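S.K.: Sequence:
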Amino acid sequence: MIDKSYIVCSTGRSGSNLLCKTLANLNHCGRPAEYFHPDRLEKYLTKDDAKSLRDYLSGVLIQGTSSNGIFGIKMHWEHFQMFLNLARKYLDFQGKTDLEILSLVFPNPRFIYIWRRDLVRQAVSTEIAYQTGNWVKQNKSVEFNSRKKLVFKPLNIYRYKQGLKVRNQRWKKFFDKNSVEVYEVVYEDFIELFEKTILEIVDFLDIQPVSSQNEIKISLQRQSNEINERWCQYYNYIPENMLRTYGKIRATIKSFIKA
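Counting with the working numbering, you get residues 377 to 635 for the letters of the sequence shown.
Think of the hints as simulated: they come from the structure by calculation, not from any bench.
Values in this document were obtained by computation on a predicted structure and should not be read as measured data.
Please note that the accuracy of each hint is not assured.
As the list claims (entries may be wrong) - Below, in silico cross-link-like pairs of lysine to any residue (SDA-like), each with a Cα-Cα straight-line distance of 25 Å or less:
id: 1; residue 1: K525; residue 2: V496
id: 2; residue 1: K549; residue 2: G388
id: 3; residue 1: K549; residue 2: K525
id: 4; residue 1: K397; residue 2: V512
id: 5; residue 1: K541; residue 2: L619
id: 6; residue 1: K549; residue 2: S428
id: 7; residue 1: K423; residue 2: R486
id: 8; residue 1: K572; residue 2: R486
id: 9; residue 1: K630; residue 2: R620
id: 10; residue 1: K465; residue 2: S428
id: 11; residue 1: K553; residue 2: H452
Put together the whole structure using the sequences plus the hints.
M.R.: Listed below in structure tokens is the structure:
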């Protein structure tokens with residue numbers, strides 16, 4: 377039985393993997409994961425109908441709940457929209473607000489919002505992850521694969537940065553519109569005050585307190601390296617208005633070619 381739920385509201389490369397893995401490893405803070413990631417839905421949502429969605433949700437609620445009845449889930453903005461679309465399509469939730477749907481599916485939801493101040497670094501991290509395929513680095517995993525040739529693509533970084541900005545704005549608009557209480561985690565502060573932040577989150581969620589800071593262990597390694605630093609420097613040398621203009625010209629040329 378689920379006593380309470382929480383949703384980690386995030387964007388890609390915001391530190392949400394580190395946050396969710398740490399909470400899951402405490403064993404009494406639910407098991408937050410990207411249960412509505414498109415790849416997971418494609419694999420486990422067997423049919424496009426109401427029964428399959430209900431069966432999938434039942435599995436998610438079991439998988440994401442720790443033994444003390446705490447359920448956790450992580451959603452990027454686009455995952456949140458996918459969840460809402462599926463719920464309205466198959467669960468007879470037409471006419472319900474976004475918050476009402478969340479509350480009907482995930483009992484007594486609380487909200488944690490994790491974001492990064494430095495969108496350039498976040499966008500660079502996104503581009504490198506796409507090029508390498510390395511999205512998560514476990515604490516004892518092999519070193520970053522530097523043998524793979526990486527290509528600096530400033531237009532991609534610019535587009536990721538703009539997309540991250542929009543997604544952050546949409547999360548904030550959702551919180552404001554629904555007047556929900558949110559615990560904000562800023563990535564740059566989180567990595568400096570790691571244990572303190574986790575303890576404050578547990579307190580915010582009103583979960584049985586962690587007995588000691590020794591229980592809080594970093595389960596993932598930071599993937600940032602000299603390539604991230606160098607690309608951030610390169611990117612900051614380029615005027616963004618030039619990238620914006622170049623992107624528009626490129627899109628126009630592509631549209632002519634397709635026509």
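S.K.: Sort out whether S428 lies within 25 Å of K549, counting only the CA atoms.
M.R.: violated, 31 Å
S.K.: Is K397 close enough to V512, meaning Cα to Cα at most 25 Å?
M.R.: holds, 11 Å
S.K.: For the pair we were handed, K553 and H452, check the Cα-Cα distance against 25 Å.
M.R.: holds, 18 Å
S.K.: Compare the distance between the alpha carbons of K525 and V496 with 25 Å, and conclude whether the hinted pair is satisfied.
M.R.: holds, 21 Å
S.K.: For the pair we were handed, K549 and K525, check the Cα-Cα distance against 25 Å.
M.R.: violated, 39 Å
S.K.: Given the proposed pairing of K541 with L619, does the C-alpha separation stay at or below 25 Å?
M.R.: holds, 16 Å
S.K.: Taken at face value, is the distance from the CA of S428 to the CA of K465 at most 25 Å?
M.R.: holds, 12 Å
S.K.: For the pair supplied as a hint, K572 and R486, confirm whether the alpha-carbon distance does not exceed 25 Å.
M.R.: Satisfied, since the Cα-Cα distance of roughly 19 Å is no more than 25 Å.
S.K.: Quick one, are K630 and R620 close enough, alpha carbons at most 25 Å?
M.R.: holds, 16 Å
S.K.: Taking only the CA atoms, is the gap from K549 to G388 under or equal to 25 Å?
M.R.: holds, 18 Å
S.K.: Are the Cα atoms of K423 and R486 separated by 25 Å or less?
M.R.: violated, 30 Å
The structure fails to meet hints 3, 6, 7 from the earlier list, while all remaining hints are met.
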